[in-house]
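Novice: Sequence:
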Amino acid sequence: MALYRKKAMIIVSGLVISMLFIFALICGLGYNKAGNVIKSFEEDFKKVSATAQFKFVTNDLNKTKLGDFASIKGKKVFELPFSSYDNAKSLIKALDDKKIENVQVYTNTNIDETIQIDASKFINIVSEIGFLVKIGFWFKGKTAIRSISAISSFIYAAIKEDSKEREKVFVILNLEDEKNVKGFYVKTDNDGKIKNICSPKNFKFDDSKKGIEGKSHDFVAFIVEKVRKASNSIAD
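When you number the sequence shown by our numbering, it's gap-free, plus one each residue, and the end is 231.
The set of hints was computed from the structure by calculation and includes no laboratory data.
None of the hints are false.
Heads up, simulated DSS-like pairs for lysine-lysine below, C-alpha to C-alpha not over 25 Å straight-line:
| id | residue 1 | residue 2 |
| --- | --- | --- |
| 1 | Lys188 | Lys159 |
| 2 | Lys221 | Lys177 |
| 3 | Lys190 | Lys93 |
Taking CB as the label site, the calculated pair distances span:
| id | residue 1 | residue 2 | range |
| --- | --- | --- | --- |
| 4 | Val7 | Asn197 | 44 to 52 Å |
| 5 | Asn119 | Ser194 | 25 to 33 Å |
| 6 | Phe16 | Asn191 | 48 to 56 Å |
Backbone N, C-alpha and C define an ideal beta-carbon position, used for all residues, glycine too.
Model the full structure from these sequences, guided by the hints.
Specialist: Here it is in structure tokens:
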């Protein structure tokens, strides 16, 4: 009986050691993969943020706190609809209060400042965040990458399909403060009318204190620049 117990203990100990080894291996691989993803993102962010186009978009977003991605008549665009936050506040309030008639006025407005985008680029804005990378992020701490990936997926799902003749699809982003962004999905039917306004989806950009420094308007501007059509600055 004592010999049996001893063998059982050896087997159990072996299994525990094996499981701990596998866990440590997974954590190590995840940590390294996450580090590579973060390094690649930070290098890309620094490169993009040095461009004049990025600076124009981030300055406008910082000033007005609002921009939108839209699918209109087969075109995919990013719009900067207002010249100041005071002008944008009425739309933000209408979205929060789900005042369809007030938002309807906005969807019928022709926006001067629009940037043509390629919606297919949303899926490649950051490197793929798989299982191991997610584990690595847990050890690495805060990073804006997860929120950039989440908001990019949200926008892509909304506007990836071509709209019908009079149908319009918008993801309106309200930059509440330096870290928090609300995303409103708004769609008009083919008769041009909004039927309802969905509750907003909330995003929080957590940038690492050891890495790049950025605010919500910087990260949204980064997304815009990553999906901008190469031959385009401001759309007609």
